[in-house]
Amino acid sequence: MNRERNRFREREREMGMERLRELTPIVKEALQNTARVANFFCLLHFTGAYMCTVAKLVGPSMLPTFNDGNLVLTERITTRSEKVGSGDVVLVRAPDDPRKVVAKRVKGVEGDVVSYLLDPKKTDELNTVVVPKGHIWIEGDNAHNSHDSRQFGPVPYALLHSRVFFVVWPPADFRSVGNKVLRF
Amino acid sequence: MTTKNFVWNIAKKYFTAGLIGLTISDRYASLTAVRGSSMSPTLNPHAGNSSRFAFDDYVLIEKLCLQKYKFSRGDVVVFRSPSNYKEKHVKRIVGLPGDWIDLSSIDTLRVPEGHCWVVGDNAAFSTDSRSHGPIPMGLICGRVTHVVWPPQRIGRIDGTVSILPEVQVHVSEEH
Numbered sequence: 001m002n003r004e005r006n007r008f009r010e011r012e013r014e015m016g017m018e019r020l021r022e023l024t025p026i027v028k029e030a031l032q033n034t035a036r037v038a039n040f041f042c043l044l045h046f047t048g049a050y051m052c053t054v055a056k057l058v059g060p061s062m063l064p065t066f067n068d069g070n071l072v073l074t075e076r077i078t079t080r081s082e083k084v085g086s087g088d089v090v091l092v093r094a095p096d097d098p099r100k101v102v103a104k105r106v107k108g109v110e111g112d113v114v115s116y117l118l119d120p121k122k123t124d125e126l127n128t129v130v131v132p133k134g135h136i137w138i139e140g141d142n143a144h145n146s147h148d149s150r151q152f153g154p155v156p157y158a159l160l161h162s163r164v165f166f167v168v169w170p171p172a173d174f175r176s177v178g179n180k181v182l183r184f
Numbered sequence: 001m002t003t004k005n006f007v008w009n010i011a012k013k014y015f016t017a018g019l020i021g022l023t024i025s026d027r028y029a030s031l032t033a034v035r036g037s038s039m040s041p042t043l044n045p046h047a048g049n050s051s052r053f054a055f056d057d058y059v060l061i062e063k064l065c066l067q068k069y070k071f072s073r074g075d076v077v078v079f080r081s082p083s084n085y086k087e088k089h090v091k092r093i094v095g096l097p098g099d100w101i102d103l104s105s106i107d108t109l110r111v112p113e114g115h116c117w118v119v120g121d122n123a124a125f126s127t128d129s130r131s132h133g134p135i136p137m138g139l140i141c142g143r144v145t146h147v148v149w150p151p152q153r154i155g156r157i158d159g160t161v162s163i164l165p166e167v168q169v170h171v172s173e174e175h
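Protein sequences appear in the order of chains U and S.
Position 7 of the first sequence, counted from 1, bears residue number 7 in the numbering used here, the numbering being contiguous throughout.
Position 51 of the second sequence, counted from 1, bears residue number 51 in the numbering used here, the numbering being contiguous throughout.
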C-alpha cells in the first residue's frame, strides 16, 4: 500500500515539474518583455528630462513669434548648466500655478535693470526694476496680451524648465529659434 | 574577443541599472542626506550641539506629489532655493495659497496663488519664508516622508505643525 502511494506521489510531482517546465519559457519571455518596456520608458524619461523634448504652445502671448498650436523642440542642457541669457525663449513653470508650464522670452537675468510700461493701453509710464540674485525676468512677445513678469514679478531661476530652439509644426513654420525678437 | 564581449555586457548592465535608478529617483522616490539644524528636532536633532559628534540624517523623499502639486499644511518638503538655483532646502509647509500670515504684531501677508509659506521647525536657526517670502510651489522637488538613517530614528515624519509665536496662520475659508 505504501509503495503504491509513494509511486502515485512521485508521478504527481513529475507532472507538476513538467507543467512548470512548460511555463518557464513563457514566464521568462514575459519578464524579458516587461524589462524591455521598462528600459524604453527609462530611456524616454532620460532624454525628456535631461536633453530634448517636444512641447505644444498654447495662447497668444508669444505672437508674432509663435502661434497658438505650434509644436516646438526644447532642450534642457542650457537651463541645467545656467547658460540661459537675455533673448532666449524658454518654458517656465508658472509661479501662480505650478501645474502650468508657459513659454516666454527672457528679458533680463540677475543683476540686469529692466524697464517696462506699467499699462501699455493707458499710460506711457515706465517702471524700472533690478532683477534680484537667482531670478530672471520673462515677458511675452505680445506685450498687450501676456501674463508675465510685469504682473507676477521676477521668477526664480529654478522654475526654468527648458529652452525652445526649433519650431517643427506646422511645416510652414519650420525654423530654428534664436534670441532675436522677430519684427514683421 | 570574449573578454571584449564580457566587458561590453557588464557595461550594458551597469548602464541599464543606472538609467532605471535615475528614472526611479527622479519620478518616484529618492534618498538624501539632511544638513544643518534648521529642522531640529524632527531632522538632525543633534546637529546644533558642538559637543556631540553626530551623523547626518538620511531621509526618503517621495516625488509622486509633483504630479498634482497638492500639499497640506505640515508637509516637510525639499525645494530649490529661490536665490540660488543650485541649493536645496528642507522646511515644513505652514501656509497654503490664500492663508494669512502674521509677520509681527502689525504686519500681515496673504500667501499668493501657487505659492506656499515654509518655516523650519527650529525657528531660531532657520532661514525660510520669514527671510525670502512665500516660495512658488514650482520650486518644490519632493516631500519628505520617512527618516531612514540612523537606525534608531527610522520612522515616519509626522505632519503636525507646532504653533510658532512669530508666525500665526489664519486659514482661509476655501481650504
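There may be inaccurate statements among the hints.
Stated by the list, open to error - Here are the simulated BS3-like pairs of lysine-lysine, each with C-alpha atoms no more than 25 angstroms apart in a straight line:
#1 U:28 <-> S:68
#2 U:100 <-> S:88
#3 U:133 <-> U:83
#4 S:12 <-> U:133
#5 U:28 <-> S:13
#6 S:86 <-> U:83
#7 S:63 <-> U:100
#8 U:56 <-> U:28
#9 U:56 <-> S:68
#10 U:56 <-> U:100
#11 U:100 <-> S:12
#12 S:13 <-> U:100
#13 S:68 <-> S:88
#14 S:88 <-> S:63
#15 S:88 <-> U:83
#16 U:83 <-> S:68
#17 S:70 <-> S:88
#18 S:63 <-> S:86
#19 U:133 <-> S:86
#20 U:122 <-> U:133
Said to hold, decoys possible - Short derived list, chain S residues pointing at chain U, Cβ under 7 angstroms:
#21 78
#22 114
#23 133
To be verified - Computed footprint of chain U on chain S, listed as stretches where at least three residues anywhere in the stretch have a Cβ under 8 angstroms from a Cβ of chain U:
#24 2 to 13
#25 82 to 90
#26 146 to 156
No lab work stands behind these hints, which were simulated from the structure alone.
Every residue gets a Cβ at the ideal spot worked out from N, C-alpha and C, and that includes glycine.
Verification of the supplied hints:
no.	hint	result
1	U:28 <-> S:68	violated (36 angstroms)
2	U:100 <-> S:88	holds (22 angstroms)
3	U:133 <-> U:83	holds (15 angstroms)
4	S:12 <-> U:133	violated (42 angstroms)
5	U:28 <-> S:13	holds (18 angstroms)
6	S:86 <-> U:83	holds (14 angstroms)
7	S:63 <-> U:100	holds (17 angstroms)
8	U:56 <-> U:28	violated (40 angstroms)
9	U:56 <-> S:68	holds (20 angstroms)
10	U:56 <-> U:100	holds (12 angstroms)
11	U:100 <-> S:12	violated (37 angstroms)
12	S:13 <-> U:100	violated (37 angstroms)
13	S:68 <-> S:88	holds (21 angstroms)
14	S:88 <-> S:63	holds (15 angstroms)
15	S:88 <-> U:83	holds (20 angstroms)
16	U:83 <-> S:68	violated (29 angstroms)
17	S:70 <-> S:88	holds (20 angstroms)
18	S:63 <-> S:86	holds (19 angstroms)
19	U:133 <-> S:86	holds (13 angstroms)
20	U:122 <-> U:133	violated (32 angstroms)
21	78	violated (12 angstroms)
22	114	holds (4 angstroms)
23	133	violated (10 angstroms)
24	2 to 13	violated (count 0)
25	82 to 90	holds (count 4)
26	146 to 156	violated (count 0)
Hint violations for this structure: numbers 1, 4, 8, 11, 12, 16, 20, 21, 23, 24 and 26, all remaining hints satisfied.
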